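> Work out the full structure: start from the sequences and follow the hints.
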Amino acid sequence: MNNDAEQMTTEGTPKETPGVAQEVPKIELVVEFSGGLEMLFSDQRRHSLSMPATDQDGKPVTIASLIDHLCRHTMRDQRTELFVLDGHLRPGILVLINDADWELEGEEAYEVQSGDNILFVSTLHGG
Amino acid sequence: MAPAFCAICKTQRALIRRPKNHQKLCKSCFIQIFEDEVHHTITSSQLFSPGERIAIGASGGKDSTVLASVLKTLNEKHKYGVDLVLLSIDEGIKGYRDDSLETVKRNALQYEMPLKIVGYDELYGWTMDQVVETIGKKGNCTYCGVFRRQALDRGAKMLGIKHVVTGHNADDVAETILMNLLRGDLARLSRSTSIVTGSNASEVKRSKPLKYAYEKEIVLYAHHKKLDYFTTECIYSPEAFRGSARSLIKNLERVRPSAILDVVRSGEDMARLVPGQTPDACGCRIKEATVPKAVEEDSVGGCGSANGRAGGGEMAVMEKELRQNEAAEAEGLETEIPVGKMHQSKRESKQLDTPAKPGNVSLPIIPKQKLGTCERCGYMSSQKLCQACMLLEGLNKNRPEISI
Ligand SMILES: [Zn+2]
Ligand SMILES: [Zn+2]
Numbered sequence: 000m001n002n003d004a005e006q007m008t009t010e011g012t013p014k015e016t017p018g019v020a021q022e023v024p025k026i027e028l029v030v031e032f033s034g035g036l037e038m039l040f041s042d043q044r045r046h047s048l049s050m051p052a053t054d055q056d057g058k059p060v061t062i063a064s065l066i067d068h069l070c071r072h073t074m075r076d077q078r079t080e081l082f083v084l085d086g087h088l089r090p091g092i093l094v095l096i097n098d099a100d101w102e103l104e105g106e107e108a109y110e111v112q113s114g115d116n117i118l119f120v121s122t123l124h125g126g
Numbered sequence: 000m001a002p003a004f005c006a007i008c009k010t011q012r013a014l015i016r017r018p019k020n021h022q023k024l025c026k027s028c029f030i031q032i033f034e035d036e037v038h039h040t041i042t043s044s045q046l047f048s049p050g051e052r053i054a055i056g057a058s059g060g061k062d063s064t065v066l067a068s069v070l071k072t073l074n075e076k077h078k079y080g081v082d083l084v085l086l087s088i089d090e091g092i093k094g095y096r097d098d099s100l101e102t103v104k105r106n107a108l109q110y111e112m113p114l115k116i117v118g119y120d121e122l123y124g125w126t127m128d129q130v131v132e133t134i135g136k137k138g139n140c141t142y143c144g145v146f147r148r149q150a151l152d153r154g155a156k157m158l159g160i161k162h163v164v165t166g167h168n169a170d171d172v173a174e175t176i177l178m179n180l181l182r183g184d185l186a187r188l189s190r191s192t193s194i195v196t197g198s199n200a201s202e203v204k205r206s207k208p209l210k211y212a213y214e215k216e217i218v219l220y221a222h223h224k225k226l227d228y229f230t231t232e233c234i235y236s237p238e239a240f241r242g243s244a245r246s247l248i249k250n251l252e253r254v255r256p257s258a259i260l261d262v263v264r265s266g267e268d269m270a271r272l273v274p275g276q277t278p279d280a281c282g283c284r285i286k287e288a289t290v291p292k293a294v295e296e297d298s299v300g301g302c303g304s305a306n307g308r309a310g311g312g313e314m315a316v317m318e319k320e321l322r323q324n325e326a327a328e329a330e331g332l333e334t335e336i337p338v339g340k341m342h343q344s345k346r347e348s349k350q351l352d353t354p355a356k357p358g359n360v361s362l363p364i365i366p367k368q369k370l371g372t373c374e375r376c377g378y379m380s381s382q383k384l385c386q387a388c389m390l391l392e393g394l395n396k397n398r399p400e401i402s403i
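Line by line, the protein sequences give chains A and B.
Positions 0 to 126 (numbering that gives the first Met the number 0) are the ones given, in order, by the first sequence.
Positions 0 to 403 (numbering that gives the first Met the number 0) are the ones given, in order, by the second sequence.
Hint data in this document are derived by calculation from the structure and do not stem from the laboratory.
Each statement offered as a hint is correct.
Computed from the model, here is a short list of chain A residues facing chain B with C-beta under 8 Å:
| no. | residue |
| --- | --- |
| 1 | Ser33 |
| 2 | Gly91 |
| 3 | Leu93 |
| 4 | Ala99 |
| 5 | Asp100 |
| 6 | Glu102 |
| 7 | Leu103 |
| 8 | Thr122 |
Just so we're clear, the structure is a prediction, and the values are computed from it rather than from any experiment.
Think of the CB as a built atom: it goes at the ideal place given N, C-alpha and C, for glycine as much as any other residue.
What follows is the structure in structure tokens.
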């Protein structure tokens, strides 16, 4: 997790001063995958994550940046297109934020809070 | 963002936003309305009759698990008086069904329903693994699909059951409509829109009680009711064309959630224009259909802004459609009818008048519509041999040693 956090803050932009980087508060969240998405994430349904509360631009972590984080650090499968298409979550995947449809919460713009449970469910597989 | 409250009870936090009308609902109101709508589909289409034995085509996946759960609930609540049985197919793909059949076995206990598992080997003499060994991975979903369709019927027959219900949802129906439209196969398009297939003459009737249910809501229903289902995907590559139709539907849903039911309705409207397909209902249904069409045009335009109106309009259209189904059912609508009757009805139809000579092949649709029975197995078929028997014939030619 520390590794993830480091990569997260250093990616793309010049590294901030070490003092500042260390002060970036972390958020803890539970991310779950079901409906077949588990197979992209080490066949594991439940992942406990700890990540910086802000992205490299100092903005609060949103679902969009969480998805990016998951692709870069959590996904063990090469087939990212099964999760993200054209820079957005693949159509047909539902997101529940603390059991509520993400459409009620602002979708990709929702700012992730510490303690949140984010569930990704694919509707695309099996009947 | 402040939490929204449920549009029905106004007290609980909304957790669901319905794709067809954007209505925001709490968990319990959503579960209630989902069940109510399936009940409405069942009663308005007169799908069941008291004392009927019904086999639920059960794969352990979300759709059939939700179907089994909802039917159990509704059968008890509304006293349908039907006898529900789970019917599962084992395609004979090593390892593939192990977990899903375990799920179905648990479902059988959870829902207190008897379970019958039928294997491809006992039905066809071939397991899917053997099929793939022979023909390779390409195109085998065709085999799997054709065999599976008949397998449910044959399994039902073995149990002495005349009615099989499947978990096909609105997304599936929309997808099939698009595929048939893109193939130019209006006859099949017409059949695929029908909630009941299999004519009175055929031995097993099939129906789709979840025909108007969005896949998204099925997944949410399973989630919020904490149903025990298994995520299966055919390990052999899915048919590319179906995959494209599916992606198209999902992309459309993203920008316009009502698109799925709109495609289903368009399919139903087109079905009525296919000669001979719905002979009795034809004239009156066309007239009726123009009214809700206008309403719909008005109300489904915007996204968030037109919430309330869109909701009303959508529901009105649905209700109308469901009532039309009811009327069609009452009139003894058959979706797959014998050849003779078809020509007769063609002659009666002024609007769709074409030279009604039997055997006239100037209309490409006609030959495909002739639904008789397979010479070999007696299954409903438009050709001399049904699809399964044709595939089997090809397979058996390729089999190194012929087994008896
Ligand atoms: Zn409510
Ligand atoms: Zn046959």
